[in-house]
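Asker: Given only the sequences and the hints, what does the whole structure look like? Please build it.
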Amino acid sequence: MESFFVRYRNPLLLVALVLLQVILLASQIRRTVPGSNDGGKVRLVRLWVEGTESPFESMFHGIGHGIRYSWSNYFALRGVKKDNDQLKAEVERLRLEQAALAEDARQGNRLQALLDFKQHYLANTVAAQVIGTSGTDTSRVLYVDKGSHDGIKPDMPVITRDGIVGKVREVLGPHTSQLLLINDQTSGAGVLLEKTRIRGVLRGNTYGQLEIVNVMPDDRIQPGESIIASGGDQIFPRGFPVGKVEKVQHDPTHDPYIQVLVTPSADLSRLEEVLIVTGQSQTRPGDLAADIATSEALAEQQKKAAEVMAERLPTVKPEVTPTGEALSPALKQPPPPLHPDRFSTGATPPANAMQPGAATPVAAPAPKVKAETPAEDATTAPPPVKKPKPPTEDQPAPAKKPAAKTEDQPPAATTPSPAATPAPQETQ
Amino acid sequence: MATLSYTTRRQAVEQTFPLAVMVIAPLLAIFIQAYLPKIFPKFAILDLPLVVTLYFALARRSPVYGAILGASVGIWQDALTNLPLGVNGVCKTIVGYMAASVSMRLDVDNQGTRLLLVIILSFINSVLHLCVMRWLLNVHQDWRWGMEALRPLLNTAIALPIFALLDMFRQRS
Numbered sequence: 107m108e109s110f111f112v113r114y115r116n117p118l119l120l121v122a123l124v125l126l127q128v129i130l131l132a133s134q135i136r137r138t139v140p141g142s143n144d145g146g147k148v149r150l151v152r153l154w155v156e157g158t159e160s161p162f163e164s165m166f167h168g169i170g171h172g173i174r175y176s177w178s179n180y181f182a183l184r185g186v187k188k189d190n191d192q193l194k195a196e197v198e199r200l201r202l203e204q205a206a207l208a209e210d211a212r213q214g215n216r217l218q219a220l221l222d223f224k225q226h227y228l229a230n231t232v233a234a235q236v237i238g239t240s241g242t243d244t245s246r247v248l249y250v251d252k253g254s255h256d257g258i259k260p261d262m263p264v265i266t267r268d269g270i271v272g273k274v275r276e277v278l279g280p281h282t283s284q285l286l287l288i289n290d291q292t293s294g295a296g297v298l299l300e301k302t303r304i305r306g307v308l309r310g311n312t313y314g315q316l317e318i319v320n321v322m323p324d325d326r327i328q329p330g331e332s333i334i335a336s337g338g339d340q341i342f343p344r345g346f347p348v349g350k351v352e353k354v355q356h357d358p359t360h361d362p363y364i365q366v367l368v369t370p371s372a373d374l375s376r377l378e379e380v381l382i383v384t385g386q387s388q389t390r391p392g393d394l395a396a397d398i399a400t401s402e403a404l405a406e407q408q409k410k411a412a413e414v415m416a417e418r419l420p421t422v423k424p425e426v427t428p429t430g431e432a433l434s435p436a437l438k439q440p441p442p443p444l445h446p447d448r449f450s451t452g453a454t455p456p457a458n459a460m461q462p463g464a465a466t467p468v469a470a471p472a473p474k475v476k477a478e479t480p481a482e483d484a485t486t487a488p489p490p491v492k493k494p495k496p497p498t499e500d501q502p503a504p505a506k507k508p509a510a511k512t513e514d515q516p517p518a519a520t521t522p523s524p525a526a527t528p529a530p531q532e533t534q
Numbered sequence: 825m826a827t828l829s830y831t832t833r834r835q836a837v838e839q840t841f842p843l844a845v846m847v848i849a850p851l852l853a854i855f856i857q858a859y860l861p862k863i864f865p866k867f868a869i870l871d872l873p874l875v876v877t878l879y880f881a882l883a884r885r886s887p888v889y890g891a892i893l894g895a896s897v898g899i900w901q902d903a904l905t906n907l908p909l910g911v912n913g914v915c916k917t918i919v920g921y922m923a924a925s926v927s928m929r930l931d932v933d934n935q936g937t938r939l940l941l942v943i944i945l946s947f948i949n950s951v952l953h954l955c956v957m958r959w960l961l962n963v964h965q966d967w968r969w970g971m972e973a974l975r976p977l978l979n980t981a982i983a984l985p986i987f988a989l990l991d992m993f994r995q996r997s
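Which chain is which? The protein sequence lines are W and H, in order. FYI, the numbering for the first sequence is 107 to 534, going by the working numbering. FYI, the numbering for the second sequence is 825 to 997, going by the working numbering.
By construction, these hints were calculated from the structure, which means they are not laboratory data. Where a beta carbon is used, it is the ideal one built from N, C-alpha and C, also for glycine. Heads up, some of the hints might be wrong.
Not everything, but these chain H residues come out facing chain W in the computed CB check (under 7 Å) [stated by the list, open to error]:
(1) Gln857
(2) Tyr859
(3) Pro865
(4) Ala891
(5) Ala903
(6) Thr980
(7) Leu984
(8) Pro985
Answerer: What follows is the structure in structure tokens.
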């Protein structure tokens, strides 16, 4: 027996090591600590490993950042004055835009209140520097230099100014956290296609691409359409940009469904700084409220200035009828038809002139409307007047008086009652 | 150019490295592997810890050492990812063991043989990784032929300078 173990020492050790790790893998599948994604002992191992690595990562990152920062600052100062002026002008313009949007937002809030839908605003964010990665292309996680000391907690959304990036997976120390990027296979985010309003779940695939899965085929989904966070996952802020539709293709693994490949708004492969959303509130944060108030005051000033200018400048007064009603160009009579028939405007009797049970009144072609100006009168040829055909049994002859009136009398400028001018009938 | 050659099996087996090198080199490889993709995202296709594991397993010619080193390096790598601990551990344990076992039968001091072994074992590592993900963890993962063919070649390319560097620390007892 002893010789067996001595003889097969190496293979036995290999089997034992592999078996131990398989058991370790199996034990991690379901057992997790509340508020964490790992089991207690596994979390401890991750803490040790990251505790060993992160000081070096922070140090290297600090050195590199320091060099880049001082270098870029030296050159950046040369154009600061010009940039500052441009930015000030842009701030003024954006404030005006914001004032207009604030009104829409208020209306939206009122409607949301009616629907009891709660809007969440970004209340607090913490800027964090990326200090490391997982090092493999099968696990898309990042490490940042902010942790429990900065109020970071698991599942907090991580964004950049371009769009969503991921969420906090694990807080590994006072100054270290692990982020799970949205292009990882295990991540998921509720998204909404902006134009078509189709909802879906965004996740990463093996290639590190973003895709929306389990979407029913829809011709309206076109490349280039914007995708925003739907807020349905209770993690990412609603309406925040996610990306654009890159390609729509058939999903071979889920037959009737399609795959929507997405180009992320944020460059997930080159993240340097990110914002971790540490607080969301249902009221506007102080800064945003102050900004909106400033914008509104500015817009009010602009509005008053525009009104003063409008009073001082000569204006074209609208045409007014003798009764005092303004004549809107939209309410003018349409031009007279060249060849009036029973489908022309005014050829059919009004509904209130009809009587229930009565025979269907015979439609007449619209009478020729006299041209308003002599020039128009000259250029518009009068339509040929058809001679009425002899009456039949089904179609009695029209009353003579109105017919004579139509033919003999020149048509009035105003549209006469079509009922009074029956059309000549055509036998079929 | 001075080359190392061994006339007896005993001489070949007993080549060792300073303890500091044997500890620091794998840790440094893991650190560089975790840090560099932040600056060069494409660097994530490489597997520096695997290259270092293969080097020491081939050089020490001890299956036990190769398996233990592979397990340690793999679990350390797993701790930096969001994958369960043991995914890389299982792969690198087997690959480390295989490398050391092969080195007992072949002359792995030859640079060409070593590089060929790196290509083959790197590919085996990728296959094992896929197997663990698919059948042990039930995580769907596509097999990317282009990527998996390129990875061993790139690992071999990076192994050339690393092997040359580590050869400088060899000790003959």
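Asker: Taking the hints in turn, state whether each one holds.
Answerer: Checked hints:
1. Interface restraint check: Gln857/H against chain W, minimum CB-CB distance 4 Å, threshold 7 Å, status holds.
2. Evaluation of the Tyr859/H hint against chain W yields a held restraint, the C-beta minimum of about 6 Å falling below 7 Å.
3. Annotation: interface hint on Pro865/H holds; nearest CB of chain W at approximately 4 Å, less than 7 Å.
4. Here the hint on Ala891/H is kept, as its CB sits about 5 Å from the closest CB of chain W, short of 7 Å.
5. Given the 7 Å rule on beta carbons, the hint for Ala903/H holds: about 4 Å separates it from the nearest Cβ of chain W.
6. Given hint, Thr980/H at the interface with chain W, is violated; its Cβ is 18 Å from that chain's nearest Cβ, farther than 7 Å.
7. For Leu984/H, the suggested interface contact is broken, since its CB lies about 21 Å from the closest CB of chain W, more than 7 Å.
8. For Pro985/H, the shortest C-beta to C-beta distance to chain W is roughly 19 Å, which exceeds 7 Å, and the interface hint is violated.
Checked against the numbered hints given earlier, this structure breaks hints 6, 7 and 8; the rest are met.
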